[in-house]
Amino acid sequence: MQNQTDQVKHITDIIKVMNGGMEFYQEAKTKIGTDSYKVFFNRMISAKREAAAELQQFAVQEQGELEKDTSNAVKLRQSYTKLLSKISGDTTAFTYIDQLEEVEDKVLEEIDIALEREQPQNCEIILQRIKVRMKECHDEMKALQQTTV
Numbered sequence: 248m249q250n251q252t253d254q255v256k257h258i259t260d261i262i263k264v265m266n267g268g269m270e271f272y273q274e275a276k277t278k279i280g281t282d283s284y285k286v287f288f289n290r291m292i293s294a295k296r297e298a299a300a301e302l303q304q305f306a307v308q309e310q311g312e313l314e315k316d317t318s319n320a321v322k323l324r325q326s327y328t329k330l331l332s333k334i335s336g337d338t339t340a341f342t343y344i345d346q347l348e349e350v351e352d353k354v355l356e357e358i359d360i361a362l363e364r365e366q367p368q369n370c371e372i373i374l375q376r377i378k379v380r381m382k383e384c385h386d387e388m389k390a391l392q393q394t395t396v
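Residue numbers (the numbering used here): 248 to 396.
Honestly, the hints are just simulated from the structure, not real lab data.
Even for Gly, the Cβ is constructed at its ideal location relative to N, Cα and C.
No incorrect hints appear here.
What follows is a list of derived Cβ distance ranges for each label pair:
{"hint": "1", "residue 1": "Q393", "residue 2": "E312", "range": "36 to 46 Å"}
{"hint": "2", "residue 1": "S283", "residue 2": "E365", "range": "40 to 50 Å"}
{"hint": "3", "residue 1": "G311", "residue 2": "G280", "range": "34 to 44 Å"}
Put together the whole structure using the sequences plus the hints.
Written out as structure tokens, the structure reads:
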């Protein structure tokens, strides 16, 4: 029988993207001051926090410790958004929402990569459940993006 530690793959990458997404949503809340956006962003942060917490047990199996880092891809989007805001002198909701929707795409992409690999059954079940919730987050962000244009 193969050891579960050998089977768990790509979970830490998902957590890194979610951690980066949570940081980015926190920043967006400070830059876009309206209450409706703050409530929306808090929902996205909560969904990612819960999903990352569920996946931490598998991160420990994968790498021997909890995953606390963030994704470089998300950090680049965050930096790009800051730079764009400085250049244009504009911290519009659209700039942040557009980039946050891309983060949602990245979360789904990373989950799909993990699901394409053989995972322990309990990990697979949790990944499938998290994918459904993250797809809901993506769809909500996509709808918000379309109304913010």
